[in-house]
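Asks: Now for the letters of each chain:
6 protein chains.
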Amino acid sequence: MIPKEVLEIADGIKTMRIRGASLIAKSAAQALRIAAERYSGDASGFKPYITKVANLLLQTRPTAVSLPNAVYYVLNRTLSSSVSEARETAIRSSDEFIRMVDESHRRIMEYGSKLIQDEYVVFTHCHSTAVVDIILQAFREGKRVEVINTETRPLFQGRITLREIAKNGVKVTHVPDSAVRHFIKNANIVIVGADTITSDGYLVNKVGTSHLALAAWEAGIPFYSAAEFIKFSPASLEGGEVVIEFRSASEVLDIYPGGLADELRRLGVEVLNPAFDFTPPELITAFITNLGIIPPQLSVLIIKEMFGFSAGRIQLTVLEELV
Amino acid sequence: MIPKEVLEIADGIKTMRIRGASLIAKSAAQALRIAAERYSGDASGFKPYITKVANLLLQTRPTAVSLPNAVYYVLNRTLSSSVSEARETAIRSSDEFIRMVDESHRRIMEYGSKLIQDEYVVFTHCHSTAVVDIILQAFREGKRVEVINTETRPLFQGRITLREIAKNGVKVTHVPDSAVRHFIKNANIVIVGADTITSDGYLVNKVGTSHLALAAWEAGIPFYSAAEFIKFSPASLEGGEVVIEFRSASEVLDIYPGGLADELRRLGVEVLNPAFDFTPPELITAFITNLGIIPPQLSVLIIKEMFGFSAGRIQLTVLEELV
Amino acid sequence: MIPKEVLEIADGIKTMRIRGASLIAKSAAQALRIAAERYSGDASGFKPYITKVANLLLQTRPTAVSLPNAVYYVLNRTLSSSVSEARETAIRSSDEFIRMVDESHRRIMEYGSKLIQDEYVVFTHCHSTAVVDIILQAFREGKRVEVINTETRPLFQGRITLREIAKNGVKVTHVPDSAVRHFIKNANIVIVGADTITSDGYLVNKVGTSHLALAAWEAGIPFYSAAEFIKFSPASLEGGEVVIEFRSASEVLDIYPGGLADELRRLGVEVLNPAFDFTPPELITAFITNLGIIPPQLSVLIIKEMFGFSAGRIQLTVLEELV
Amino acid sequence: MIPKEVLEIADGIKTMRIRGASLIAKSAAQALRIAAERYSGDASGFKPYITKVANLLLQTRPTAVSLPNAVYYVLNRTLSSSVSEARETAIRSSDEFIRMVDESHRRIMEYGSKLIQDEYVVFTHCHSTAVVDIILQAFREGKRVEVINTETRPLFQGRITLREIAKNGVKVTHVPDSAVRHFIKNANIVIVGADTITSDGYLVNKVGTSHLALAAWEAGIPFYSAAEFIKFSPASLEGGEVVIEFRSASEVLDIYPGGLADELRRLGVEVLNPAFDFTPPELITAFITNLGIIPPQLSVLIIKEMFGFSAGRIQLTVLEELV
Amino acid sequence: MIPKEVLEIADGIKTMRIRGASLIAKSAAQALRIAAERYSGDASGFKPYITKVANLLLQTRPTAVSLPNAVYYVLNRTLSSSVSEARETAIRSSDEFIRMVDESHRRIMEYGSKLIQDEYVVFTHCHSTAVVDIILQAFREGKRVEVINTETRPLFQGRITLREIAKNGVKVTHVPDSAVRHFIKNANIVIVGADTITSDGYLVNKVGTSHLALAAWEAGIPFYSAAEFIKFSPASLEGGEVVIEFRSASEVLDIYPGGLADELRRLGVEVLNPAFDFTPPELITAFITNLGIIPPQLSVLIIKEMFGFSAGRIQLTVLEELV
Amino acid sequence: MIPKEVLEIADGIKTMRIRGASLIAKSAAQALRIAAERYSGDASGFKPYITKVANLLLQTRPTAVSLPNAVYYVLNRTLSSSVSEARETAIRSSDEFIRMVDESHRRIMEYGSKLIQDEYVVFTHCHSTAVVDIILQAFREGKRVEVINTETRPLFQGRITLREIAKNGVKVTHVPDSAVRHFIKNANIVIVGADTITSDGYLVNKVGTSHLALAAWEAGIPFYSAAEFIKFSPASLEGGEVVIEFRSASEVLDIYPGGLADELRRLGVEVLNPAFDFTPPELITAFITNLGIIPPQLSVLIIKEMFGFSAGRIQLTVLEELV
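Chains as they are written, first to last, in this note's numbering: chain A, 1 to 323; chain B, 1 to 323; chain C, 1 to 323; chain D, 1 to 323; chain E, 1 to 323; chain F, 1 to 323.
Rather than coming from a laboratory, the hints here were simulated on the basis of the structure.
The following label-pair restraints were derived from C-beta to C-beta distances:
1. D:L260 x C:D262: 20 to 30 Å
2. D:G45 x F:P3: 51 to 61 Å
3. A:N186 x B:S248: 17 to 27 Å
Covered by chain C, according to a simulated footprint, are these stretches of chain E (three or more residues, beta-carbon under 8 Å):
4. 199 to 213
5. 233 to 247
Using 30 Å as the maximum straight-line C-alpha spacing, the simulated DSS-like pairs for lysine-lysine come out as follows:
6. B:K185 x D:K185
7. A:K185 x E:K114
8. E:K114 x B:K14
9. B:K52 x E:K114
10. F:K171 x F:K143
11. F:K114 x F:K185
12. E:K4 x E:K52
13. A:K114 x E:K185
14. B:K114 x C:K52
15. E:K143 x A:K171
16. A:K185 x A:K114
17. C:K185 x F:K114
18. C:K14 x C:K4
19. A:K171 x E:K185
20. A:K185 x E:K185
21. B:K185 x B:K143
22. B:K14 x B:K52
23. D:K114 x D:K167
24. B:K114 x B:K185
25. E:K52 x C:K114
26. D:K14 x D:K52
27. C:K143 x F:K185
28. F:K171 x C:K185
29. E:K171 x A:K185
30. D:K185 x B:K171
31. A:K114 x F:K52
32. D:K185 x B:K114
33. B:K185 x A:K185
34. C:K143 x F:K171
35. B:K171 x D:K143
36. D:K185 x B:K143
In this text, a Cβ means the ideal position worked out from N, Cα and C, and glycines have one as well.
Extracted from the complex, chain A is given alone in its bound form (with noise of 0.2 Å):
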């Protein structure tokens, strides 16, 4: 029997309710770590058990990376620990994961803020909450930081970042993603966030990542993104290809006068709409992770040492087979 919690949890990542790359990757090992707590079986059905649960938080949103990050974390632990320790290697490796999700995230923004020098222009893009706790660190720290950040169309989260960053007294400029080549001659650096990021370097972020990263590097400005552990793929090392999520064209189309969009679509224009983008090796500086300031193409470091080379197989097997 699954404990109610661990449904709970479930599904909270499910509906979303649960959402952010960190918070649905700490409840999910905390979902392990109940119900690893209230097992009452056996020493020998541990692992089948686990393994179920496992499976159960895996089917909730398929495509984010650090929800399997955080149950293969877990899981390879406690699979390769004796019957005996099975229970407490569960108990102790989600312990640990959380953990080290909170140290990661206090690290990049000590690290991150050390890349911002006084009086410079921090230019982003969309909203992370590491670039934002990134560039009010080096506000606190007595820089005088300013801000240029993107509309981010069609879903405007730049909004978000604008309001937290200028609430807090630092200075914002706010432009439209179309001007973003004409105002990268104005920043110091680009500071970033990451959904998910390659064995190969690759990053991949929310659309128009790219664009940013192709000016900044014409421009000779540093680009760095802003990347926790979790982000990190180690299925792709194994050639495991990351699909970009296509959303409704609503979202484009929303603003736009009613008589228009109406017309429009039965004109049968096709509005596209893709989440995320790819930004190649070549145009960034390098991620700012818990490991330290590393140039892309040690993305398969970040995997080897927090995972392990292996950690991608495991990820791309069915879960029954391994027990």
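Given the structure of chain A, go ahead and fit chains B, C, D, E and F onto it with the hints provided.
Replies: Same frame as chain A, now just chains B, C, D, E and F:
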């Protein structure tokens, strides 16, 4: 006495009732023609008279490039002709200029459509009559052409392009500005319009154009700008700077929910909204002009052939000194 | 009645008895001269007559660029002269054209040889009379010059170059096409011929030329193309597309052992064999022309100086409309 | 006394009866295993004995990289174990090495096939078993895959690839080497094999590979090399140079008509025929290895994980000093 | 008889009493004017006479480009006029040339100063009167301009620039040559002078110029060269090579402590000291010329407009053949 | 009580009697060894005592990278050992560190010399013992090697290199800093030393190094930096900034004629004199390290292998907190 029709044209340009680079240029030439025809003074007074009319026209919209190109085209020829032929020259060169603008449009449509091969996907940005006509011409010639176009925030002029093309039965895919780099790989060719072109081959056009050019260059897609001769700036040949117009923050904020817009204004957030940006010649494959498909470095040749080397010099002079 | 010698020349071009860009161009001009000289009708009939001859010549090899350049050079001048002078103009401009082709060859040989310094190694591809003459001229001037040349699969035209140069005592190193990038570092300069040159500075030449240009660019070796004015395409100025000829698969397969070639054909393997490829202007240092050493962006200037801006326009028109 | 089977294997490698990097490596490991199993002397004599066998094997083909990788893999482990365990270690590590080579091949096939999406066109050069297997694996998974491959002058190994793929029902287009840049735009991905890979990420492979990489880079097509761990050179980590083999001019001339070949030889024309060339890391997207898809800069990591940092040091040492 | 004043001018140029490209050019034209005015022979003797004078002048400093440009400007016009008008033509074209040089200087100062915006930092190298005048003109127009300049080892000509600018009250920062790349980011624009410009857009200027251009290009800073028309080389259009002067090792060694300089000489150390280097067109934004701001690829246009296409041809000819 | 010899070493480092990265590092390790050996207190007091000594040493030259690398290498190991073993650990790890520095130097000399082939010309800048030893090693191995080196204004350290190499009989060509790009084409390889290397692969070295790297990259010449492991900065992994030292203007002005220097000072001219600059990883072929020839992106691996991931973290901490 300046004829009433001339004053009406000047007023029309000033109040933007008359708009679009071609129409402004042709109307200004027409105004000079009318002024010359109606002139009834003696021959020696004609040159000061027509200079005064030219001055009147120039002051209506000082920043557009097609207006002074029209005025100086007629004025140079008139002032350098003999006293007795000056009036005739003014009439004849006005007619000639208007004919050339029309012919220029036809030729660009014709040359540009040849660049579009069967089954080509054309990427465009903002709204340009020349580009729309090029695409529809290729379509009428039986080529299966598709179009990708951007929203073009903040004024959404991409919607005009979208409607004009879609209602003629051409398939259009509409994407947010931030998705340009993501979709550029689906295109075979980029064609945009032109606001102003400088002597060293820079294209000044709707903000976001330089983005599109940079992404096309990275992806190896040819990038063309359809540019009537009236868009080339003789003044730039002599170092005359092209100033980018910054438009009202309201154009950006007007679609934001009221509470947020108010809060942002209260927080003193700066919203910048440049109308244009610069695309450097190394990102441009060629301009489509009335003299043919030419590389951007040959802008000077267009200026020389259409206006003469000294046109810029005269444009930067106080008019009265010329008589 | 079209004179018999004219018909013979037309036939010679058609059946490729007359071949090579220069010879075709000069023969066509010669044919027009003969046609004009033999004309015995009244003055008013001359223009339709010569237009008919022009048409005949143009249809012999529709894709070569030197042929229409010759025909239109003479035709434009003839049609725009007065009725009474048309015949004389046709004769004079034929002579002028032939003289210019010869002089063009001499000048290119002279200018090109100056680019070769003592102890230079010249890399070339395929076979070009102009390039062979440039190299031999430099050799005759006492420079110690060496040559690297490619096989130029599938027709092995590199062997012709190899023999022509080697038998004059110049040291030649012969390499497979796939070894170009390996040996480019041993060269000081690349010189190739030209088939056609477009108004935006693209070089159309024997397939493999763009390879050599790309490798030379990467290695920092200057890349020149020896280009008589008859190779520049006025039609391209107006968007006229240059179509790449695909030749028979047999040219590739003929040297394969019989059993294998048969098996491949049975398996339905497609063997593609394009005759030419495009080299973009950014990979070309300069063209060696009769007007001097010019950067590729100045192709338009050659077209303008040698043929006039409207030459392309006329080439793309139905001839009969011109009379 | 060295066992007869060991001598036969050594002879097989030397006379190229045993060929192909994997087979050579596995045979060498097998020879060491046999030598260890048959050893009947006392424990203290084992290390000198196995060193002697290693030396014998190394001298059979001094330039291949997979042979020393096999020998040193076994030897390092054996020499660093205690006297009493040395023989067991030799047997065990030989088995381990052979298993790893086989597993490496399976993993590369599996990871590589994931890089091929449905309807992809794969461009390849020369002949590589790994590449053929990757393509056929993708095809078996139901993807509609097409292939473009080169002749690969002068030995035409492209024909082997062509036949192996075509006879499995995959559509192949076959092109001359000089047409690579012309056709690269038709491809979605390039995958080639690998002869040797250096510690700074250079790929040494069949001459023409660097061409293909350069053209792919220019066109924005990803370029992969399928590289078993036995292809990575530990010696290069310590500055050991990879020497390019130059093969006989006859390989080029043999298909020339007799008279011409003779004349060329008489004229003293030099025909150069390098077997390999260098592709620099900036032209390589990633290597497909048994540890996953890794950027070329991580070659050192493969060397470290599979052989240890000091492997190169030992390879460059006189063997006898090691005992 | 050649007039005494003419001989004095020739001597002044030869002994470098008359120096600086403009002064040399104007003095040579002045000498030709005097020679023409003083001529008292009959009309038929004038052309041989003036050719002799021209020859005398050309031999004074064979490598400077402004001297032959002056001489041939006058000579071409004179020789191609009728016998009766030759003397008048020589006088008139001398005056015209001198006027053009002066006007050229004024225009370049005027156009160049427009490129400098308020609060701009200008980076320059070596010493150029045109650049100093451009900067001071911008300063006089009220712009707050600052300058970074190099020492320009070995002759430290940067000190001349430094003093001329600083004593007018403009802030100058002075840096060693090796620090160019470090400081380039602080500049908004680079402006240097020009020694010679070739037909394919290469700038020959003080050694170190190409460094500055390369660093500016990498950093995205525009790079201009102020270039009077007399610096453009018609001879280069025909392949005439520009030879770089190597100056005495003493210029480098003179500031070394005596013992060291002696020891180095004794050790046979070679000290190389080239006066100029080549900057390729792709590193140059534009030339500032009397005809306007033009991209480097348009050098040919300046040559054509100011001297005619055949100027180079004549320059490379033996003068006597021209009469 | 801190032993007198330790205080003397600290003083020697502070007053720059002890200089050069290796010597400083080894002396600091030696000081820690002496301090440990002389310690006579009880075991529990050793860690605070050795921390105090470490602090003393660290304060002598806070900006050098090799000093803290030495101190932390010993300190980390000591503090993490048990109370009873701390003193032994300090002694052992000091010895180990010194041995590693010496071995590192030998290996770099050995690996680097393998990169120099017979008849190679090596370009270098400033003075680096490692580079001089690499060149002399290659020379001793019988390779015909030549050297080009720069003056290295303002302190002319190039003269030291020049003398050390020339007096061993190696041919050296000495050139001004501004002539680097002019002569780079004559070189086959560039090898420079290293002051500090950051975790993202940037090389901090004598100002002018980045010039040389940029020119080498443009010309396709490989660029190496000989870098002992003590030059790699663990602190940079965590965002620790490398600050460039600006030295006195006198170093530049001292060789200026007195009147001029005074005048410049009076005019308030600023003379900037940075000691180092940054060379980005994309301009660096590889580092020559004791672990082998590695691409710049693998700096992190050196830090990890030699110091551990957390070394930087500890370096940025207040020492007392560690006990």
